[in-house]
Amino acid sequence: MNTIDISGDVMTDADNTRVNEPLKTSSTATVARDVRETVGDVTVSNPRMRCKSVNVYYNEKQAIKNVSLDIGRHEVVAMIGPSGCGKSTFLRCLNRMNDTIVGCRVSGEILMDGDDINGNGIDVVPLRAQVGMVFQKPNPFPKSIYENIAFGPRIHGLAKDKTELDEVVETSLKRAGLWEEVKDRLLQPGTGLSGGQQQRLCIARTIAVNPEVILMDEPCSALDPIATAIIEELIDELRQDYSIAIVTHSMQQAARVSQRTAYFHLGDLIEVGETKQVFTNPIHQLTEDYITGRFG
Amino acid sequence: MNNMSSQTEIDEAEIRSRRTIEIVNQGLKRRRAAEKRFRFYGKLAISMGMLFLVVLFASIVSKGYTAFLQTYVKLDVYIDEQKIDPQGTRESETLSRANYGALVKSTLRGMFPDVKSRRDKKDLYALVSNGADFEIRKRVMENPALIGQTLSLWVPADDDVDMLLKGHINREGAESERRLKDNQLRWIDQMWEQGRMEKRFNTTFFTAGDSRDPELAGIWGAVSGSFLTLIVTLLLSFPIGVAAAVYLEEFAPKNHLTDIIEVNINNLAAVPSIVFGLLGLAMFINLFGLPRSAPLVGGLVLSLMTLPTIIIASRAALKSVPPSIREAALGVGASPQQAMMYHVLPLAMPGILTGTIIGMAQALGETAPLLMIGMVAFIVDIPGNVFDPSTVLPVQIFLWADSPERAFVERTSAAIMVLLTFLIAMNAIAVVLRKRFERRW
Amino acid sequence: MQAPTIIIALLILSSVSYYLGRKRAFAVAQGHIRKLHSLPLYYGLYTAIWAGVPALLLLAFWFMFEDTMITHLVVADLPAHIADQGADRLNLVINDIKNMVNGNIVSSQINPAMQAAADHYKQLQSTSHILVAIIALCLAVGSGSLMLTKIKAKQRARNAVESFLTVVLILCSSIAILTTIGILLSVLFESIRFFRAVPITEFIFGLEWSPQTAIRADQVGSSGAFGAVPLFAGTLLISFIAMLVAVPIGLMSAIFLSEYAGPKVRATAKPLLEILAGIPTVVYGFFAALSVAPFIRDTGGLLGLDVASESALAAGLVMGIMIIPFVSSLSDDVINAVPQSLRDGAYGLGATQSETIRRVIFPAALPGIVGGILLAVSRAIGETMIVVMAAGLAANLTANPLEAVTTVTVQIVTLLTGDQEFDSPKTLAAFALGLMLFTVTLVLNVIALHVVRKYREQYE
Chain A
1 MNTIDISGDV
11 MTDADNTRVN
21 EPLKTSSTAT
31 VARDVRETVG
41 DVTVSNPRMR
51 CKSVNVYYNE
61 KQAIKNVSLD
71 IGRHEVVAMI
81 GPSGCGKSTF
91 LRCLNRMNDT
101 IVGCRVSGEI
111 LMDGDDINGN
121 GIDVVPLRAQ
131 VGMVFQKPNP
141 FPKSIYENIA
151 FGPRIHGLAK
161 DKTELDEVVE
171 TSLKRAGLWE
181 EVKDRLLQPG
191 TGLSGGQQQR
201 LCIARTIAVN
211 PEVILMDEPC
221 SALDPIATAI
231 IEELIDELRQ
241 DYSIAIVTHS
251 MQQAARVSQR
261 TAYFHLGDLI
271 EVGETKQVFT
281 NPIHQLTEDY
291 ITGRFG
Chain B
1 MNNMSSQTEI
11 DEAEIRSRRT
21 IEIVNQGLKR
31 RRAAEKRFRF
41 YGKLAISMGM
51 LFLVVLFASI
61 VSKGYTAFLQ
71 TYVKLDVYID
81 EQKIDPQGTR
91 ESETLSRANY
101 GALVKSTLRG
111 MFPDVKSRRD
121 KKDLYALVSN
131 GADFEIRKRV
141 MENPALIGQT
151 LSLWVPADDD
161 VDMLLKGHIN
171 REGAESERRL
181 KDNQLRWIDQ
191 MWEQGRMEKR
201 FNTTFFTAGD
211 SRDPELAGIW
221 GAVSGSFLTL
231 IVTLLLSFPI
241 GVAAAVYLEE
251 FAPKNHLTDI
261 IEVNINNLAA
271 VPSIVFGLLG
281 LAMFINLFGL
291 PRSAPLVGGL
301 VLSLMTLPTI
311 IIASRAALKS
321 VPPSIREAAL
331 GVGASPQQAM
341 MYHVLPLAMP
351 GILTGTIIGM
361 AQALGETAPL
371 LMIGMVAFIV
381 DIPGNVFDPS
391 TVLPVQIFLW
401 ADSPERAFVE
411 RTSAAIMVLL
421 TFLIAMNAIA
431 VVLRKRFERR
441 W
Chain C
1 MQAPTIIIAL
11 LILSSVSYYL
21 GRKRAFAVAQ
31 GHIRKLHSLP
41 LYYGLYTAIW
51 AGVPALLLLA
61 FWFMFEDTMI
71 THLVVADLPA
81 HIADQGADRL
91 NLVINDIKNM
101 VNGNIVSSQI
111 NPAMQAAADH
121 YKQLQSTSHI
131 LVAIIALCLA
141 VGSGSLMLTK
151 IKAKQRARNA
161 VESFLTVVLI
171 LCSSIAILTT
181 IGILLSVLFE
191 SIRFFRAVPI
201 TEFIFGLEWS
211 PQTAIRADQV
221 GSSGAFGAVP
231 LFAGTLLISF
241 IAMLVAVPIG
251 LMSAIFLSEY
261 AGPKVRATAK
271 PLLEILAGIP
281 TVVYGFFAAL
291 SVAPFIRDTG
301 GLLGLDVASE
311 SALAAGLVMG
321 IMIIPFVSSL
331 SDDVINAVPQ
341 SLRDGAYGLG
351 ATQSETIRRV
361 IFPAALPGIV
371 GGILLAVSRA
381 IGETMIVVMA
391 AGLAANLTAN
401 PLEAVTTVTV
411 QIVTLLTGDQ
421 EFDSPKTLAA
431 FALGLMLFTV
441 TLVLNVIALH
451 VVRKYREQYE
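Residue numbers (the working numbering), protein chains in the order written: chain A, 1 to 296; chain B, 1 to 441; chain C, 1 to 460.
So that you can see chain A by itself, here it is in the shape it has in the complex:
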């Protein structure tokens, strides 16, 4: 049962049957069938985003089952769980990235400042500016480093002139801890950077449009340990200003960077709690089995 979640790919998450099959043989899976109630407190006192009874369907298949979760201020929420548990799908609901997938339906409420982001009259453009996203594989545009950062401010019209844009680029790169490394080659292609630098470039690109929430979908899965450490450090710093929701397949990473942890299993949110508590003293049997490496 050593399936490692290397493909945070949405379609894989959706493909429940594929992961179902091996799990059926294990005794723990039979328990999972009946679980509905989330263990632990899903709410926080002053949330940035609040999800209530979110369900996601891919055509007929239900990928997310009745999940409620708050994302608080100045915190990193880690979402963990075995491959295909729906954690990436859930993350992509938060800035409606699932809109681009044909046949995907979302129900339930996802509130941002009291408004349902799936509601009528809500445009995804400002929503995605407010809730940025960093992807599993670094995906810099095939343009210069400068243009990569300037892309968001340009399309949204955030900078009035060149000097203002330069400023945005510089601050964003500084916040992403990349400025010192690239300040002399801003006009070189972003694809020429190393993997870790590319991922930080993508984070800087997200920061450049001043989001409130940053979603990270396994941001380190394509990186080496050193680059991963740098990114983790960065995430911790960014927590000062932004709410961060991170999907990770590495439990150690979740333990290192997050304040709260949510454990997903086959589309259900099994347990939520303080990271420390979840990893040292999990309440639910499934969580414990996963943490201790019984499966996943």
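Calculated directly from the structure, the hints in this document are not laboratory data.
Glycine included, each C-beta is placed from N, C-alpha and C at the ideal position.
Watch out, some of these pointers could steer you wrong.
Claimed, not checked - Computed, partial: chain A to chain B, Cβ under 10 Å: (1) VAL125; (2) PRO126; (3) LYS143; (4) ILE155; (5) GLY157; (6) ASN210.
Unchecked claim - Under 10 Å between C-beta atoms, here's a sample of chain C residues computed to sit facing chain A: (7) ALA269; (8) PRO271; (9) GLY350.
Dock chains B and C against chain A, hints included.
Structure of chains B and C alone, referenced to chain A:
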């Protein structure tokens, strides 16, 4: 989303974000409009493409559908022994050389006894096609017993009459500017009212070879030529193409030479077709002394042209067979060639055949290179083998499109419709083949 | 004995050898096939190849040189007054003799000497055919039966057959190269002859094109001018118009199909658009000449413009329509090759779809699109039927799309169709134009294919 929430503790980052959202919201309307506009351009482009397609088909069908009907005139011809076989020998030589035109003329004179002057007679004779003579001769040769009897038969009308009845010639206007004179119009109307003229299905169009007279011209010669040419093309390009693809995909070492061959094949696929015609003219005709205008040379040139298509499609088909199949065969002790022959090739065959059919469809529609090797000649006879001078359907279309007679316009369009029918059928077969045998590994 | 008969006889012999070889292998194995090195089938094939291939090769070789040899013999026996007429006349005589042999119409009066020569030719031909038939059949029987006696259990028949097959495969693969070389040689040789008559500089830079040369000295007519600039200009003008139509429509269609259209729309619109690509060019030519050109002329007339009935605009427009699916399918491929992650990246920042397309996907796909457009340009330049039917013959040097211009391909066709002597500068000029056409399209293709290939590798 820009309403300030009631929550407390709004920090600096949040304020920045709120300000950003405000700016974003301000520009939103403009951006959504731009989005709509862009989407509209896309729709516009695709509709333009569709529109062109519809206009093209509509223009051809509307011009051509009338060609499937042809005006015929009913003549009651008295087969006068005095005129065709005065000696009464009934020898086929005599019968074949006899002047049947005289019979037609006297029949016409009999139908309109008041026509007296030479000019009027000439006008009257012009209403019936030359084909009438051939038709009577054919009947008499088949059955000499007809001599001395009155034969009632339908013969094709002249193309001008046909065009008039199909509404392509204007009855109004000055007589001198018309193809048909006033008295001719009168005679035509008279015959029409008597039921001696009617439009019938134009079998000649499908069974005859080319002719200078539109009412006698048909596509069968060109279709036969196309068929012979395609047979040569298929026989050459299919085995060679598949063999080349098999070698390049399965056995060729990766070196400079195979690289050059590969680049070469891709280039050949994009070389203008007329250049292949020049090759055919200089090589096959001038150097090797092969006959001009022959389907053999046409087939040779077209097979060189379709080879790249077949090779590229076959390689793609071979590539899509997973290596595990080869490994399985090799694992039980087959040689690489046996694995190829018995396992990989059969699995790739549907893809190869699809590519071949598409290549053949291209070859069927090709015109330019065939002009170079003389398949553009005026050929009446139906070609019987690959050495006979012949033309092909697209070239026939080209020749007819160049002819001044109004009646050739509809025949050209009709020939195009036949050609397109063949092409659509071939492509449909290719699609069905692909759908039925498509395998996802 | 005619060649097909001999070939069929050889093929029959070869298949008989196959059965004999197989049978022999069974006999050698004495019922234990496992004793054989190869399957019996391969022994059969081995024998068949030996029986058929050498004889067929001999036959091909023989027929390749038969004509030259016989002609040589016939000419040697010609009466002196015919034989000593100089090369040109002699060639005509030989042609006449050959025509008489084949029962075709001859150009000059038949005289007894020529009749005798023709009979001589015929007789030699039949002797030669009988001779080659005997030799070939003997060779086939001989080598086939020799191999038959050599069949042994240890013999590596499969390896031999497979080596033979490999050689055949290699030969088939090299046909592509041979074709290219053939094209190059055939246009190059005639072009060199042309450039001996007309200086290459005049051809490339000359501003006047009127290939009609006076055949007789007293004929009224032009002296023949071979300045190809008006042709190049005309070709470029029509191609440019075609690109103006095809690139925006093709590109936007591709963008719409790959980025906006749902699966259903794509499944219907794409094949419909591809029908445009499958329509033969002669049909487009007819459409251009009989529908579009008159329409443009009449519309121009209404607007008070003087439009030629064979305007460059009509030909270019229709050529553009023909190229739309070409541009759109190439761009579609290229756009689909742009990884989804780039789209996600842009959407994640709040870009709208059109912003993503224009600012991320299009720049990323640009090299591939440019490559595709270059291929389309090469196709427009080489397109023949549309311009032959809808563009003019007069070589006007103009940039006005409403006037008639002519193109390189039109001139090639006009110069080479109809009955001309093959050696006049007029027909040779067609090959020089062919050389230009081949070179330009080749360069465009090589660049375009290289660009597209590099582009693909970037995202693989």
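Comparing the hints with the structure gives:
Nearest Cβ of chain B to the Cβ of VAL125(A): about 6 Å, under the 10 Å cut. The hint holds. Evaluation of the PRO126(A) hint against chain B yields a held restraint, the C-beta minimum of about 5 Å falling below 10 Å. For LYS143(A), the interface hint is violated, the least distance from its beta-carbon to any beta-carbon of chain B being 20 Å, above 10 Å. Given the 10 Å rule on beta carbons, the hint for ILE155(A) holds: about 8 Å separates it from the nearest Cβ of chain B.
Nearest Cβ of chain B to the Cβ of GLY157(A): about 5 Å, under the 10 Å cut. The hint holds. With its C-beta approaching chain B no nearer than about 4 Å, ASN210(A) sits inside the 10 Å limit, and its interface hint holds. Against a cut-off of 10 Å between C-beta atoms, the interface hint on ALA269(C) is violated, since the closest Cβ of chain A lies about 17 Å away. At its closest, the beta carbon of PRO271(C) sits 20 Å from a beta carbon of chain A; the interface hint therefore is violated under the 10 Å criterion.
With 10 Å as the threshold, the beta carbon of GLY350(C) comes within range of chain A, its nearest partner Cβ sitting at about 4 Å, so the hint holds.
Of the hints listed earlier, those the structure fails to meet are numbers 3, 7, 8, in rising order.
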